[in-house]
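Chemist: Each chain, letter by letter, is given below.
Number of protein chains: 2
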Amino acid sequence: MQTQGAGSGAGQGVIAIDWGSSRLRAWLIDADGTIRDRRASDHGAIGLPAARFDAVLAETVGDWAAARPAAPLLACGMVGARGAWVEAPYVDLPAGVDAIRDRLVAVPTSLGRPLSIVGGLRTREPDVLRGEETQALGTGLSDGLLCMPGTHAKWLRLRGGVVDAFGTWFTGELYELLGSHGSLAKAFGETAPLDESAFDAGVARALEPDADASWLHVLFTFRSRVVGQGSPGAAERSRLSGWLLGTELRQALAGPFGAPDADRGLPLVLVADPRLAGLYERTLPAVREALEPALRERLPAAFVRADADCAARGLYRIATGA
Amino acid sequence: MQTQGAGSGAGQGVIAIDWGSSRLRAWLIDADGTIRDRRASDHGAIGLPAARFDAVLAETVGDWAAARPAAPLLACGMVGARGAWVEAPYVDLPAGVDAIRDRLVAVPTSLGRPLSIVGGLRTREPDVLRGEETQALGTGLSDGLLCMPGTHAKWLRLRGGVVDAFGTWFTGELYELLGSHGSLAKAFGETAPLDESAFDAGVARALEPDADASWLHVLFTFRSRVVGQGSPGAAERSRLSGWLLGTELRQALAGPFGAPDADRGLPLVLVADPRLAGLYERTLPAVREALEPALRERLPAAFVRADADCAARGLYRIATGA
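Those protein sequence lines, which keep their order, are chains A and B. Just so you know, the first sequence maps onto residues 1 to 322 in this note's numbering. Just so you know, the second sequence maps onto residues 1 to 322 in this note's numbering.
For the record, the hints were derived by calculation from the structure and aren't laboratory data. Being a predicted model, the structure only gives us computed values, none of them experimental. Please note: incorrect hints may appear among the correct ones.
Since the list can't tell identical chains apart, any single copy or any two copies may satisfy a pair.
List time: in silico EDC-like cross-link candidates among lysine to aspartate or glutamate, alpha-carbon distance up to 20 Å [claimed, not checked]:
#: 1; residue 1: Lys186; residue 2: Glu176
#: 2; residue 1: Lys186; residue 2: Asp210
#: 3; residue 1: Lys186; residue 2: Glu87
#: 4; residue 1: Lys186; residue 2: Glu59
#: 5; residue 1: Lys186; residue 2: Asp164
#: 6; residue 1: Lys186; residue 2: Asp102
#: 7; residue 1: Lys186; residue 2: Asp63
Build the full structure now, drawing on both the sequences and the hints.
Modeler: See the structure below:
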């Protein structure tokens with residue numbers, strides 16, 4: 001199932017697809033890398049029957065494929081997970097454009113050519129991701145620390161243009177689980193707009209010296225503050241959000257691959273939708289202040305927001321070797 | 001609503017009820033403290049409409065109440081939570097039998113006398129509990145550290161016969177949430193018998209020096225070990241259980257009220273059903289070994305299991321002042 005020469009037809013450009021768990025985004029890219037057109041759909045890869053993938057692909061990019069019969073089709077993300085369309089094996093670290101291109105898996109389609117699927121990455125720990133490797137390579141950075149929040153927040157480190165370390169934080173899913181089921185959800189009540197002051201208080205709690213040493217106890221305090229002190233549920237929901245984001249940023253930045261030993265001013269790049277990006281940017285200064293001085297001095301004071309099309313640019317690089 | 005003299009009719013003994021979230025247990029206790037009869041039902045206090053409490057009480061202990069018309073009715077647990085039958089305010093620490101008796105709240109019943117409800121306890125943090133205070137006082141201990149696992153694991157410290165500190169760990173609920181919803185539940189698959197070796201590995205992981213410092217990342221590894229290394233879902237479910245129990249025991253025992261400064265050989269008492277008690281007893285030796293020597297030396301090597309009727313004995317003490 002290995003494919004050769006995904007880039008062989010790049011004279012007509014590339015049809016690029018970031019096919020994630022819940023969402024699909026597609027780009028028509030010219031041979032010179034210019035993004036000509038964009039589309040998105042809610043036909044995510046999770047829960048889609050295997051037999052439906054080809055039809056969704058055709059519905060989404062069939063006209064592009066007909067107009068450019070030699071343009072390669074390339075996809076990254078959960079489309080390559082076990083139980084999705086076809087499994088694209090994980091690639092071990094370190095992994096850059098070349099290593100990933102060597103491991104593409106091709107699946108036949110009704111569009112007159114196969115779809116090449118980018119494999120995810122795996123660490124020895126193990127840790128896994130699918131799709132973020134392509135976004136990271138699409139930032140065009142050679143060296144940097146990338147933060148990619150979502151259901152599972154991914155932190156990747158790029159060195160010399162290859163991903164050499166990454167880790168996953170369970171932040172988004174834990175927030176969703178606690179806010180949707182069980183005793184915290186009941187205490188929180190209905191979803192409400194963010195309470196910024198409670199969010200900031202949650203961040204501050206995550207930065208207290210004992211925060212990690214009692215985390216399994218702290219989780220209960222978001223309930224006990226409601227039933228024991230009458231704190232509004234909406235404030236506690238926001239406080240939980242701040243506490244989780246503060247915990248993630250501190251753990252990721254202070255962790256083994258958070259702040260490379262020798263690098264000063266390594267860019268800190270954020271790949272996120274505007275709402276999440278705003279929350280992470282709000283959280284960073286307090287976290288940075290709480291880090292040890294030697295660590296803090298190596299980190300920039302602010303995130304750089306990545307281009308929203310970095311997945312497209314990564315797929316173009318993998319397809320063309322550009 | 002304060003009631004006086006819940007113990008005034010104790011010549012006919014006490015009708016005692018531990019009315020928890022999901023379960024109700026009742027005891028008919030003679031004047032001398034002998035337990036004469038026991039009953040249990042699944043009519044827990046959570047989700048029971050306020051109008052139904054009196055009927056459930058009458059169904060459960062109506063014949064005892066008719067046979068002993070002067071015996072006081074006393075209940076502890078979530079029956080006194082806001083939104084249950086009638087709210088019994090939290091009592092602040094330190095709290096022993098006398099402080100709790102002074103704050104009983106009486107609610108009229110169809111059984112010819114009121115039901116006196118024991119208030120829960122509250123710390124300044126805040127932390128809250130309802131029911132465990134009565135079990136703790138029913139152990140008859142003057143000094144000890146009590147571990148009460150469940151949906152929310154409570155750790156209480158008794159000094160001179162009063163509860164002077166406690167804390168809640170979110171262990172049981174987090175295990176349930178992660179195992180029932182979301183990406184870990186999906187990776188775990190169907191519930192299976194405990195994998196003891198994976199459970200022990202989870203305990204060991206919780207005792208590694210970086211465990212707390214990366215907890216929000218470790219949560220994801222129970223999934224990534226399945227999808228990245230092919231570990232069986234059932235093993236990962238058991239590993240999660242061990243990791244959570246190991247985390248709770250270490251945090252509780254090393255925390256601010258876990259190991260009183262001056263006391264050596266303070267009893268470590270476990271109030272739990274046999275299945276949970278077995279898991280906690282399995283976990284303790286490794287946790288104890290991982291503690292700092294000064295802390296370890298102050299802790300006994302094993303739990304003492306509390307009497308299964310300690311709630312009844314606590315209610316009897318509160319009712320009678322015995």
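Chemist: Run every hint past the structure and note whether it holds.
Modeler: Results of checking the hints against the structure:
{"no.": "1", "hint": "Lys186 with Glu176", "in the structure": "both (13 Å within a copy, 15 Å between copies)"}
{"no.": "2", "hint": "Lys186 with Asp210", "in the structure": "neither (27 Å within a copy, 32 Å between copies)"}
{"no.": "3", "hint": "Lys186 with Glu87", "in the structure": "between (39 Å within a copy, 18 Å between copies)"}
{"no.": "4", "hint": "Lys186 with Glu59", "in the structure": "neither (41 Å within a copy, 29 Å between copies)"}
{"no.": "5", "hint": "Lys186 with Asp164", "in the structure": "neither (42 Å within a copy, 29 Å between copies)"}
{"no.": "6", "hint": "Lys186 with Asp102", "in the structure": "neither (50 Å within a copy, 31 Å between copies)"}
{"no.": "7", "hint": "Lys186 with Asp63", "in the structure": "neither (48 Å within a copy, 36 Å between copies)"}
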